[in-house]
Amino acid sequence: MKKIEKKEILLFLGIAISASIMIFQIPLAAGDEIWNFQNIYKMVNGYKIYTDANVIITPIFFWIGFVLFKVFGANIFIFRLFDVFVYTIVAFLVYKILKQLKIEKTKAILYTLIFHYFSYDLVTGGASYNTLAVLFVLIGTYYALKEMASNKFIVLNGILMYLIFFTKQNIGAYYVMATILVQIIIEGKNKKVIFNILKQLGIAFVLSMGTLGILYIQGIFWDFINIAFLGIREFGSQNSILDPICMAHMLICMITVISAIILRKHVTKEEGKNIKILLAIGIPMLLIIYPIVNVAHTMLAIEVLLILLLYLTHLMLNQFLSQKIVKGVTIILSVSLIALCISPLSRILTYEWAIKDYHHPYYGLSVSTPMLEHIEKVNEYINNHEGKVIMLSDKAAIYNIPEKRNNGKMDLVFLGNLGYHGEERLIEEISHMKNTQILMYEPLFWQESEKLLNYLKEHYEVVGKIESYDIYQIP
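One point on numbering: in our numbering, the residue at position 141 of the sequence shown is 365, and numbering is uninterrupted.
Calculated directly from the structure, the hints in this document are not laboratory data. There could be a bad hint or two in this list.
Said to hold, decoys possible - Restricting the straight-line Cα-Cα distance to at most 30 Å, the calculated cross-link-like pairs of lysine-lysine (DSS-like) are:
no., residue 1, residue 2
1, K294, K231
2, K551, K601
3, K329, K370
4, K601, K272
5, K294, K619
6, K619, K689
7, K658, K681
8, K323, K658
9, K601, K326
10, K294, K326
What the hints assert, rightly or not - Each pair of labels, with its calculated beta carbon distance range:
no., residue 1, residue 2, range
11, P468, A397, 22 to 32 Å
12, R488, V291, 28 to 38 Å
13, R488, I549, 22 to 32 Å
14, I409, K675, 45 to 55 Å
15, K416, G460, 30 to 40 Å
16, P251, G632, 52 to 62 Å
17, L475, A373, 53 to 63 Å
18, I549, T574, 17 to 27 Å
Note that beta-carbon positions come from the ideal geometry of N, C-alpha and C, so glycine has one too.
Let's have the full structure, built from the sequences with the hints guiding it.
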């Protein structure tokens, strides 16, 4: 037993270390990590979520980040440790689910390594409400497999419905759909089951009302509704993309679902029940992919089905997997993961880490001296110009964070991030500005507004450049 426990410790220590290497190799760049960090950093510096930070997501992730920054310090180092912690817990929950599926420890360790091998890209996007929401989904999946009919599950699942919805609203909606579906499929559509579902929904509703009450007391309720919900239509219609590589993921999901349906008739009753549960939760989770069909969203969407695929593979091959084979494959995978970490680790060791001050927001982030000088040059121009200067770019956060600068929703002018009719209202707001300079970078990031850029080109003159940014003068 002690030997197995040591292996478990080594497994999750190894996952945490490799995840740390994967995230800390990434230098300063515009992306989800820096945008999420900016929003929490604004909150720590006295600004209000939804009012001063156009967060289009429900608030739990940002509240957790706020507490972490207040306790441990507001910098990228802490933010990345949070990312590693959440991802490692996700891997731990996958292991617990595999154990709940009656898979012996050595094989569960192997399957968890396989999961990590194909999912570690999740950590490279930085701490994310998406990963946190999936963590809660996996908790719900574990308890659905373990004790669905119990009072404990009823209370816990009601709390999870709330937590997931207020971590990422669309994932919360899909989870509510999935968890209702799975209970009806497994327990039957009778009065007791319906009553239990209503109790769960009641718990989620009460907690949700409490959260909405907090937002109302803070004076940000209507901004929350506008940013997090009223811009959804614009977000969905303007941000649809399809990464072709995701078609391979979808093919794997299709094969998994078909295999599960076929295999369910040839396994024990308990194994068939497990397959039903994983299918009923996994299929609605696929909706997470829409509208941004890229690798990150796809990997989040298929997590439950990936566990199902591992389970199906186990059921089909278990009799052929001797301890010797399991040990050999585990060693090969472990060596492969170590090899994967060599290049990122070498980058970490050779990067310049110009920021040594723990209180600097970019502490723990590779920032070269030339990059630091570039940021300072742009910020010096913005700070010393007589009139107002606003950067409308996906890269704005890079310059705003060190200055604790806040331009409200203009700090991230993505389509769908601006509330009801956000694009038109933003252009109208700019049309009423006086003595203001707008900094724009071309080519635009794919979520930025071509209509806004064309409006600036048609109505205002470019009076110069600061580094790579065109300066539009509004008289």
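Structure-based check of all given hints:
1. Using a Cα cut-off of 30 Å, the hinted pair K294 and K231 is violated, with the two alpha carbons roughly 35 Å apart.
2. Annotation: proposed proximity of K551 to K601 is violated, straight-line Cα distance about 56 Å (limit 30 Å).
3. Taking the CA atoms of K329 and K370, the gap is about 17 Å. The hint holds against a cut of 30 Å.
4. At most 30 Å may separate the alpha-carbon atoms for a hinted pair to count; K601 and K272 meet this at roughly 28 Å.
5. Annotation: proposed proximity of K294 to K619 holds, straight-line Cα distance about 25 Å (limit 30 Å).
6. Restraint check: the Cα-Cα separation between K619 and K689 comes to about 16 Å, which is no more than 30 Å; the hinted pair holds.
7. Distance restraint check for K658 and K681: the Cα-Cα separation of roughly 17 Å lies within the 30 Å cut-off, and the hinted pair is therefore satisfied.
8. A hinted pair counts as satisfied when its Cα atoms are at most 30 Å apart, and K323 with K658 does not qualify at roughly 64 Å.
9. Distance hint between K601 and K326 is unfulfilled; the C-alpha atoms sit about 60 Å from each other, more than 30 Å.
10. Taken as a hint, the K294 and K326 pair is broken in the structure, with Cα atoms around 42 Å apart against an allowance of 30 Å.
11. The beta-carbon spacing between P468 and A397, approximately 28 Å, falls within the hinted interval of 22 to 32 Å.
12. At roughly 44 Å, the beta carbons of R488 and V291 sit outside the given window of 28 to 38 Å.
13. Between R488 and I549, the C-beta spacing of about 26 Å keeps the proposed range 22 to 32 Å intact.
14. Taking the beta carbon of each, I409 and K675 are about 46 Å apart, inside 45 to 55 Å as hinted.
15. The given range of 30 to 40 Å is respected by K416 and G460, whose C-beta atoms sit roughly 38 Å from each other.
16. Range check, P251 to G632: about 28 Å between beta-carbon atoms, so the 52 to 62 Å window is missed.
17. At about 35 Å, the beta-carbon gap between L475 and A373 misses the expected band of 53 to 63 Å.
18. Look at I549 against T574: about 39 Å separates their beta carbons, and that is not inside 17 to 27 Å.
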